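Residue numbers (this note's numbering), protein chains in the order written: chain A, 4 to 341; chain B, 2 to 291; chain C, 58 to 315.
Please note: incorrect hints may appear among the correct ones.
[Claimed, not checked] List time: in silico DMTMM-like cross-link candidates among lysine to aspartate or glutamate, alpha-carbon distance up to 25 Å:
#: 1; chain 1: A; residue 1: K5; chain 2: C; residue 2: E300
#: 2; chain 1: B; residue 1: K90; chain 2: C; residue 2: E208
#: 3; chain 1: C; residue 1: K135; chain 2: A; residue 2: E88
#: 4; chain 1: C; residue 1: K286; chain 2: C; residue 2: E300
#: 5; chain 1: A; residue 1: K5; chain 2: C; residue 2: D304
#: 6; chain 1: C; residue 1: K286; chain 2: C; residue 2: D304
#: 7; chain 1: A; residue 1: K5; chain 2: C; residue 2: D226
#: 8; chain 1: C; residue 1: K135; chain 2: C; residue 2: E208
[Unchecked claim] Stretch-level coverage of chain A by chain B, calculated; a stretch enters the list once three of its residues show a Cβ under 8 Å from a Cβ in chain B:
#: 9; region: 43-55
#: 10; region: 70-83
In short, the hints are calculated from the structure, not lab data.
Bear in mind the structure is a predicted one, so any value in this text is a computation, not a measurement.
Note that beta-carbon positions come from the ideal geometry of N, C-alpha and C, so glycine has one too.
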Amino acid sequence: MKARTELLAASAVVALFAAAPYLAPLVHLDISIVSEVLVTAIAVMSVNLLLGYTGLPAFGNAAYFGLGAYGAALSVQYLGFHFIEAILVGTALAFVGGLILAPFLLRRRGIYFGLLSIAFGQVFYFIAYRDTDLTGGEDGMTITRPYFGIPPAHVAIHELSFYYIALVAFVLALIAFRSVVRSPFGRTLVAIRQNEARVRFLGLNSDRFIFVALLISATMAGVSGALFALLINFAYPLELDWHQSGYFVLSMILGGAGTVWGSLAGAFIYVIGKDIISTITPLWQIFLGALFVACVLGFPRGILGSLAALLARSSAPAGVDPNATFDAHTPSEVNVGP
Amino acid sequence: MIHDLAPQIFNGLVLGAFYAIVGIGLSLIMNLTGTINMAHGSFMTLAGYLAFTMVSRGTSFWFALIAAPLIAVVVGIVVERTLVRPLYKREPFYSLLMTFGLSLMAEEIYRLIWGANAVPFSPPPGLASAVSLGFMSFPKFRIFIVIVLVIAMIGLALFLTRTRFGLRLRAAVQDTEMIAALGTNTQLLYAVNFGLGIFLAGIAGVLAAGMLGLSPTSGNALLMPAFVTVIIGGMGSLFGSIVGGLLIGMAISLTTLWIPAASEVSMYVLMALVLMVRPRGLFGEEGIFG
Amino acid sequence: MAPETILLDASHVSKVFGGVRAVDDVSMQVREGTIHALIGPNGAGKTTFFNAVSGYAMPESGHVSFRGKDVTRALNWKRVAMGMGRTFQTPSVFPELTVDENVRLGVRAHAGQAFRLRTPRGAAAAAVDARVDELLRFVNLAAQRDRLVAELAHGSQRLVEIAMSLSTDPVLVLLDEPMAGLAEAETDRIVGVIRDLRTRLGLTVLFVEHNMRVVLSLADRITVLDRGKLLAEGTPAEIAADESVRDAYLGEGVLEHV
């Protein structure tokens, strides 16, 4: 995509979202649902960086998302922190979570990375679930949304103001994400996905890159989680559960792996779709499951991925490569050397 | 002290045996096809519910213990052939997502058929009482569970080491292309292997239903410990799964005794410790990384 | 360094796979400025030896030293930083990136820019551009720079890989069967590039090859492996005349027409 075309398209999308408070009621959509789309999109980006760009099955990002949520909720509940402070605490907690888990995760690749992500991610779920005195356990913890916190804006945040905060956060996250994936660092991540052994034979320690990618990813997921807790004024253990990680991965695939805007598209489809289905039928989980199945079998490149494949001059999409020859016969990891 | 400790150790053994058998099933499927079967717990639950339905319609428990897992196997093989097989040539997270979706659907379907609440599934009358071991008494059903699970593991070991098919399966895990070149039908291997994993899950599912309760999500509760089992034991090692399962069974049951709130977290601590010392798990192949 | 400096010194290297000694007590030295060939029948352990030398898989026993330093346990990316480059039998490239991006990744890695979160501008960027141009011209792929590597012919993918190995400024290049699966014309192109590696860039080359015509015309020294063991070492003329080498290759017919 040419730089000018992209800037135009981006401006159009942002303008559309800026107008959403006026447009959403026309389609009977609550503005807080659109807020949820934007907040979720940040978490989906965090998965996209690891899975879509670096090729690491990130099935544990709910851990960082949940840490962000609990960090925000706990700091509001027990320390009386304001909105901005709560978000910083949540993000910091997620970052620390990433620091703790990354050394374990970056030793392995492929499905083993996925397995370790799922397993390790779940530890925080059980902590939140069991530590009932602090977190309210299974029932979760309800908070009152704090004031914004930066004088003179010492004001309460209502749904509309929250929406614009979420929009600003999303745009900032998108800009950060885009510059990361376009940077030499980001290009090296893509190179790691395609051929890690060659990256090492270019004299680069790929583990270092993956470590940093994990930390960036954890931080983004943390921002998303903190915003989410303050959106719904509630933090609960299922935010940390592997199911939540799976929903992020699904959203990423829906939108298109390895595309900058795919995360937004995926989050949009997932959040709005879930909202619609769950108001129509109590059996929404069947539809959600079916969506997984259909997505995997039907359009593995996602909406934007398929679109990009159509537009791109080559048949190779920007995202998941069509010749992704994960060889079923050798499920062990690809040797990248010691 | 001994009066508290001894039963907990035995409980740990029983739990550990469950984790081991579920972990072995997961390992079998993962090793051969690279599929992390997130629906493994759903197949356990399915077998549990099938047995529950059979027994409540007057079938004997013993019949249900074999028949319910077998029906789950049939369902499993159909799923593998139609939905999972097309993904073998794709990146492994696709099959993970697929089985994840299936587990979501299964949960809701169980809820529709058998209700959202736990259903009572009690062990057969002959196994309902407890047996006194002198210093402690222990429910017969739990002893029975250990016996069945041990028989299942021995049976699997014999199958893998003594039958032609089992040997081929093991060889295929090492090098599928070679086996394909030798003319073995690899697709048949995949299907049978998947079925084998589900059969183990099914037996565990029926037994777990009698001990841990039966609800739409009861099987999934065993999935995470089973993952940890596989990681601790070393991915690729079935023997490792047995050791890993027993270790975390013990860890969970002993922490339940002393610090109940930390019971689940203890297995993660154990996993972290093991991985620090042995990044590939206790019996994982150090392999190509030397 | 004097022409006689030993650049790579492997002593008593062994590697076992499932009870089989794929490489068994092999010692060899590569002198600076030479083109050194490693040959042997299939299963002789050539690639395994290459892996031990380049750090792709560590040897069970023995020592490898490079530029006078012991690198037996050094990680592969550290050896690259010390000046070792390598290619693989199947070209190890980034298939979905363009030729330019492939080489650029290597150049940036060597310039210490790979970890940057901002694309460098100004002089740093110009230096990278110039180096990418230079490497692409060296392998004669400047015209295809914007094509995806996956779309290129096999031989061109090899050249991309060679350019990438050169991007890190190595002094020693290890080429694992650079001519495998290539047509005659492409083979000649690679042969020309290997010659240029020494004459134009002053590099030392160690390569594995099956094509004896190429080996005998290109190499200054030849080391022969057979079933994991060192069989012979010498000049092309010595090797061509060696009885044990002829025996090892008997039935393969490769030496018959030389």
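Which of the listed hints are not met by the structure?
Numbers 1, 3, 5, 7, 8, 9 and 10 - these are the hints that the structure violates, sorted from lowest upward.
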